[in-house]
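Engineer: Sequence:
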Amino acid sequence: MAEQILDTVRDVVEGQIVRPPDCNTSRRPLRGCPSTLLMQLADMRQDFHGQRRAENFATLLLALSGLLAFNIGYYYQDIRMAVFIGLGGTLLTFLLVTPPWPFYNKNPVKWLPAGSGWQ
Numbered sequence: 000m001a002e003q004i005l006d007t008v009r010d011v012v013e014g015q016i017v018r019p020p021d022c023n024t025s026r027r028p029l030r031g032c033p034s035t036l037l038m039q040l041a042d043m044r045q046d047f048h049g050q051r052r053a054e055n056f057a058t059l060l061l062a063l064s065g066l067l068a069f070n071i072g073y074y075y076q077d078i079r080m081a082v083f084i085g086l087g088g089t090l091l092t093f094l095l096v097t098p099p100w101p102f103y104n105k106n107p108v109k110w111l112p113a114g115s116g117w118q
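Residue numbering for the sequence shown is 0 to 118, as defined by numbering that gives the first Met the number 0.
No lab work stands behind these hints, which were simulated from the structure alone.
In this text the structure is predicted, and so the values were computed from the model without any measurement.
A couple of the hints might just be wrong.
Unchecked claim - Calculated cross-link-like contacts (lysine to any residue; reagent style SDA-like; alpha-carbon spacing at most 25 Å):
1. Lys105 - Val82
2. Lys105 - Gln50
3. Lys109 - Gly49
4. Lys105 - Leu59
5. Lys109 - Thr58
6. Lys105 - Thr58
7. Lys105 - Ile71
8. Lys105 - Phe93
Said to hold, decoys possible - The calculated label-pair distances, taken between Cβ atoms and stated as ranges, are:
9. Pro112 - Asn55: 27 to 35 Å
10. Leu66 - Lys105: 23 to 31 Å
11. Phe69 - Arg44: 33 to 41 Å
12. Leu59 - Asn104: 17 to 25 Å
13. Trp117 - Asn70: 35 to 43 Å
14. Phe83 - Gln50: 23 to 31 Å
All residues carry an ideal CB built from backbone N, CA and C; glycine is no exception.
Please model the entire structure based on the sequences and the hints provided.
Structural biologist: As structure tokens, then:
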């Protein structure tokens, strides 16, 4: 088992293309098959408006979680509680901002076709 994992890691590091297991079975997917949602998220991109939206969203969430952590920690006079609330807000912000959710790609960029520029 360990040798198989090491071989897979070695192949990935050396740049060899490894075919994933066949996940298109009618029954339950095999172990190691990514779910359909994760595959869709991996294919998604963020447009420029989505990047601005994500940045504003992250700033707002981090500011709110910082204020909430400070006020609750001050009220209860517990620095540990304040730190954990701040870390929880940071984790929540990370989970909501980092993945390329579909609402970050509402205005996709329309690129010019290849070879259509100045010659």
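Engineer: Tell me the hint numbers this structure goes against, listed in increasing order.
Structural biologist: 1, 5, 7, 13
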